[in-house]
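With the hints as extra help, turn the sequences into a complete structure.
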Amino acid sequence: MTRQERAAWMFTAPVLAIILLVLVLPTVLALALSVTDYSLYALADWSNLGFVGFGNFTDLARTPLFWRSLGNTALFALLGVPAAIGLSLATALLLDAKTVRWKPLWRVLLFAPYVTSVVATAVVWRFLLNTRFGLVNYALGWVGIGPVDWLGDPHASIPAILIFVTWKIFGYNMIVFTAALSAVPGDLMEAARLDGAGRWARFRHVTLPAIGPTLLLAAVMSVAGFLQIFAEPYVMTLGGPAQSTTTVLYFMYQEGFTWWNLGRASAVAFVLFVLILILTFVQARIGRRYEWL
Amino acid sequence: MLAGAEIACHKARMKCGRERSGGVTRRGVLAGAAATGLAACTTRRDPNALRLWAMSYEGDYSPHLMPAFTRATGIPVEVQSLPWTAAHEKLLTAHAGGALPDVMMLPNGWVGEFALVGAIAPVTDGALLADLFPATLATVEHRGVSHAVPWSVAPQVQFYRRDLLADAGYDAPPEDWAGWREMGRRLKRRRPDDYAFLMLLNWWDALFTFASQTGTSLLRERDTRGNFRNPAFREALAFYRSLFDEGLAPPIVSTEMQDPLAAFAQGYFTIYPSGPSLLLDLHRRRSEIAADRWGVARMPGPRGPGPVSGVSAALAVSRTSTRPDAAWALVRHMTSAATELRFQTLIGNLPARRSAWSDPQLTAPALAPFAAQMLDLSVDPNIVEWERVRIEVQLIAERVVRHLMTIDEGLATMDRRVDQLLAKRRALVQAGKLA
Amino acid sequence: MAVKVSRLRIGAILTNALVAVLTLVVTLPLAWMVTVSFMPRGESNAFPPPFWPSRWSLENYHELLARRLIDGAWFDYRIVPAIGNSLFVAAMSTLLGLLLTVPAGYAFAKLRFRGRERLLKLLIASLVVPGQVAMLPLFLIFKQLGLINSYAGVILPSLAGIFAVLFVRQATLAIPDEMIDAARLDGASEARIFRTIVLPLLTPVTVTLALFMFLGSWNDFLWPLIVLADQHLYTLPVAVAAIAREHAADGELMMASAVVTTMPVLLLFLALQRYYIGGLLGGSIKG
Chain D
1 MTRQERAAWM
11 FTAPVLAIIL
21 LVLVLPTVLA
31 LALSVTDYSL
41 YALADWSNLG
51 FVGFGNFTDL
61 ARTPLFWRSL
71 GNTALFALLG
81 VPAAIGLSLA
91 TALLLDAKTV
101 RWKPLWRVLL
111 FAPYVTSVVA
121 TAVVWRFLLN
131 TRFGLVNYAL
141 GWVGIGPVDW
151 LGDPHASIPA
161 ILIFVTWKIF
171 GYNMIVFTAA
181 LSAVPGDLME
191 AARLDGAGRW
201 ARFRHVTLPA
211 IGPTLLLAAV
221 MSVAGFLQIF
231 AEPYVMTLGG
241 PAQSTTTVLY
251 FMYQEGFTWW
261 NLGRASAVAF
271 VLFVLILILT
281 FVQARIGRRY
291 EWL
Chain C
1 MLAGAEIACH
11 KARMKCGRER
21 SGGVTRRGVL
31 AGAAATGLAA
41 CTTRRDPNAL
51 RLWAMSYEGD
61 YSPHLMPAFT
71 RATGIPVEVQ
81 SLPWTAAHEK
91 LLTAHAGGAL
101 PDVMMLPNGW
111 VGEFALVGAI
121 APVTDGALLA
131 DLFPATLATV
141 EHRGVSHAVP
151 WSVAPQVQFY
161 RRDLLADAGY
171 DAPPEDWAGW
181 REMGRRLKRR
191 RPDDYAFLML
201 LNWWDALFTF
211 ASQTGTSLLR
221 ERDTRGNFRN
231 PAFREALAFY
241 RSLFDEGLAP
251 PIVSTEMQDP
261 LAAFAQGYFT
271 IYPSGPSLLL
281 DLHRRRSEIA
291 ADRWGVARMP
301 GPRGPGPVSG
311 VSAALAVSRT
321 STRPDAAWAL
331 VRHMTSAATE
341 LRFQTLIGNL
351 PARRSAWSDP
361 QLTAPALAPF
371 AAQMLDLSVD
381 PNIVEWERVR
391 IEVQLIAERV
401 VRHLMTIDEG
411 LATMDRRVDQ
421 LLAKRRALVQ
431 AGKLA
Chain Z
1 MAVKVSRLRI
11 GAILTNALVA
21 VLTLVVTLPL
31 AWMVTVSFMP
41 RGESNAFPPP
51 FWPSRWSLEN
61 YHELLARRLI
71 DGAWFDYRIV
81 PAIGNSLFVA
91 AMSTLLGLLL
101 TVPAGYAFAK
111 LRFRGRERLL
121 KLLIASLVVP
131 GQVAMLPLFL
141 IFKQLGLINS
151 YAGVILPSLA
161 GIFAVLFVRQ
171 ATLAIPDEMI
181 DAARLDGASE
191 ARIFRTIVLP
201 LLTPVTVTLA
211 LFMFLGSWND
221 FLWPLIVLAD
231 QHLYTLPVAV
241 AAIAREHAAD
251 GELMMASAVV
261 TTMPVLLLFL
271 ALQRYYIGGL
281 LGGSIKG
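Residue numbers (our numbering), protein chains in the order written: chain D, 1 to 293; chain C, 1 to 435; chain Z, 1 to 287.
These are calculated hints, taken from the structure and not from any lab test. Note that the coordinates shown come from a computational prediction; the quantities given were computed from them, not determined experimentally. Hints should not be assumed to be uniformly reliable.
[Said to hold, decoys possible] Simulated restraints on C-beta separations:
#	chain 1	residue 1	chain 2	residue 2	range
1	Z	LEU201	D	LYS98	30 to 40 angstroms
2	D	PRO147	Z	VAL21	21 to 31 angstroms
3	Z	ALA182	D	PRO185	30 to 40 angstroms
4	D	PHE57	C	ARG71	54 to 64 angstroms
5	D	VAL28	C	GLY118	21 to 31 angstroms
6	C	TYR268	D	PRO147	17 to 27 angstroms
[Said to hold, decoys possible] Derived EDC-like pairs (lysine to aspartate or glutamate); straight-line CA-CA distance at most 20 angstroms:
#	chain 1	residue 1	chain 2	residue 2
7	Z	LYS143	C	GLU89
8	C	LYS433	D	ASP45
9	C	LYS188	C	GLU175
10	C	LYS188	C	ASP176
11	C	LYS188	C	ASP171
12	C	LYS188	C	GLU246
13	Z	LYS143	D	ASP45
14	D	LYS98	D	GLU190
15	C	LYS188	C	ASP163
16	C	LYS188	C	ASP167
17	Z	LYS121	D	GLU5
18	C	LYS433	C	GLU221
Ideal Cβ placement from N, Cα and C applies to all residues, glycine included.
Structural data, given as structure tokens:
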């Protein structure tokens, strides 16, 4: 082993060891747990632990709430990703205009919600979304929309949480897109303008290809993020009303830590894992088709 | 399972409703006292202190019970209040991590579970188990050994609007199902926009009260299978659904009824099946609904009142407590008739000690139905999965009420789902590893 | 020409106004959080929702932060200790996190060792694994190690900074090899090269990373919620969530707790925003 190699291992071994302990080993163990019936009985006495093969997975397939939580999570991602990315991109484009003054100030203020604690701001939003005394319904009242029971109506609860989540996270991708937009070749843009290309055509044919890879990466990360929503329903709705905001992760938490069915909960975790993997793969394929990667 | 949390926090939610509408609350009490109270910088944990965990109101108010104990024994006590909605997982993870407090409150149905996993110690002092209602003792047993001391009892009763009932020609609600439903129809005819009953569809208590009134047992084969396809439970479920079908009860869940007490005061419904904690709310919000406008009665049975289930809270000592003697002394103090009576004045909890019931404090007419029901308590199956069984059965019952299933499909689904939940237990019982 | 200029100017004014309005809407919840926290009890429960307190009151903060003696019994939300806990946990995870990830990131960029490329690929791949998959078994492992209900149990998982390692590696790639090679020829040890040559160049990146880590740890919720049983060890988000579930309707008190939780990091972010946003922008934009 060379001197350099020794140093390299000295530098990397500690963090690799921790990654092994808190990420790799537990992930492998999760796979092992998901084929057992680890439950309260096993917690009481190890000899009660049994091997069930795919039993947990078939069991989940017959549990309506599991499907409902999958549906809710899909809805969160389906509505949330375009909303969050759209707002981020729109804001970044707006801030990119040459005529906008005090850009750093706006950037910092728009980014501020991102650094706050989910728990604390969820508490704030629970009041903003209050049916009778909330600012949101007050503002909607101005444009003639009647009071919405945001957190009590099973049809409004997902949009309500999405408004909150979008508010909180859009600043991050806004900054990321700002960075990407600054790399859009100015001369190409000028050439397009001289060719008489309209605003939309310039966006479609110059800006979009240039920021494509960034957009794709942001989409991948956002999908993964929206599939892992937990704290918002935990603090704002307890997964209700009528289980309309029970997400896969919330379901897993309940199954695992409330009822201590670690076998079933690990199976849920794995379904989530596989879903994220598939979606990442699909997105990467789409990206490759459009030559963004 | 979510509804699980929702039902478990039954009380917490009612508390929210109460606070939202600006009634006098613990906070109000505290705020008033805060002005005179001492503001000291916060100290770290006192190493000599016993640790006590209790939920919701019990947790909030238990500190008031401690000065007397500390004066008598010299042992300080630290109380940690857990929200109902997070209590079950907090206790389980604390047990798994060896971090349980010395003494903890456990509600109905959790004692067997925590005894099974070896979290709580058996009660060795026989005196602690004397002077109790017999049915409450059964709920704290695990393998024939008591593992907790009943602290308070909360049987379900019905609260009714005296004035509205009088308008319909009743002094008190009839005690049998047919008469009760007929009363509901009359109330509905007089006030078609309002309802006779409030039975929230995500709470299991009403349906399970009806079921236990029939005297049927809901599980069979040593509590390893569902027994929902039996004529008695079918009758209970059919009766339950008919109240919604006839428009006597609104088909809503708890989140759609943010402040039940305000709705009760406004006459949105006339009959409110609930527990003793409502007494405190009614007392605090007497400006909204005067004491002479409501009354209490036992829940109706198929042919007159019958047994309903009842223990709300018990106190247990952790196996890992380093000072078991002090911990049991605290349990003894908290479950004494005198302390239970003091708690009754503070938050309305009904004493589990029988001797407390001869105290003049408990002779108020509103408490008479509770006193009668105390002598007629049913016993829930004492199994680990019971909490979940109730929740899942209610989820299916909700679908039956909403006509997404017929009654017979619902019963079959309940049996199937419960058998699924009890699969592990069944295997262990068959292997002789579990009683 | 004049027409075009004025059209441009109107466009500019419109764009600026749009940005200002958007910023106002986005910052409104935070501003409202602060003003409500100073309202007297119950004032926010009104329609239309009041934005400005009728009188500025500290009673919510007093109730939230002070321990009070009532009828001989102590009452305490234990928020002050939670602030201390959060500070300690966040500071430790940041410090240890930097200690572990900065040298590793450098090694992955500049030191040649067998298996480097393969390890790097594995690290990138493992970014896709959601931490929640590992959570349940991790609890069992920590139970065996006796780390449940301890600060170490909270801090340890946050040290697995894959993202941080890759982040540092990316930044280190920009350092010219010649500088390092020259020092090697002079006979400097690898540790010395890292300390005296690489680390000073990585200072801005390290500050950015420290900020990321501190904020991440301060705001972390799910894992501390699971690992910490004892209220004395609660971090702020866990303590606030516990209050929020029981005191849902106490608007002003909850706002005060939200202010206490968010303000420290907001101020830290505002003070160091140049590094934070600069780190995200990757040096592509100045100012």
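Now the hints, each set against the structure:
1. Z:LEU201 - D:LYS98: 30 to 40 angstroms: Holds - the Cβ-Cβ distance for Z:LEU201 and D:LYS98, about 33 angstroms, lies within 30 to 40 angstroms.
2. D:PRO147 - Z:VAL21: 21 to 31 angstroms: With Cβ atoms ~24 angstroms apart, the hint holds.
3. Z:ALA182 - D:PRO185: 30 to 40 angstroms: For Z:ALA182 and D:PRO185 the Cβ distance comes to about 36 angstroms; the hint holds.
4. D:PHE57 - C:ARG71: 54 to 64 angstroms: 58 angstroms, holds
5. D:VAL28 - C:GLY118: 21 to 31 angstroms: 28 angstroms, holds
6. C:TYR268 - D:PRO147: 17 to 27 angstroms: Once the Cβ atoms are compared, 18 angstroms apart, the range 17 to 27 angstroms for D:PRO147 and C:TYR268 holds.
7. Z:LYS143 - C:GLU89: The hint holds at about 15 angstroms.
8. C:LYS433 - D:ASP45: 10 angstroms, holds
9. C:LYS188 - C:GLU175: OK: C:LYS188 and C:GLU175 at ~19 angstroms, within 20 angstroms.
10. C:LYS188 - C:ASP176: The hint holds at about 18 angstroms.
11. C:LYS188 - C:ASP171: 17 angstroms, holds
12. C:LYS188 - C:GLU246: 9 angstroms, holds
13. Z:LYS143 - D:ASP45: 15 angstroms, holds
14. D:LYS98 - D:GLU190: 14 angstroms, holds
15. C:LYS188 - C:ASP163: The given pair, whose Cα atoms are some 15 angstroms apart, holds under the 20 angstroms limit.
16. C:LYS188 - C:ASP167: The given pair, whose Cα atoms are some 12 angstroms apart, holds under the 20 angstroms limit.
17. Z:LYS121 - D:GLU5: At roughly 19 angstroms apart (the allowed maximum being 20 angstroms), D:GLU5 and Z:LYS121 satisfy the hint.
18. C:LYS433 - C:GLU221: 15 angstroms, holds
Taken one by one, the earlier hints all hold for this structure without exception.
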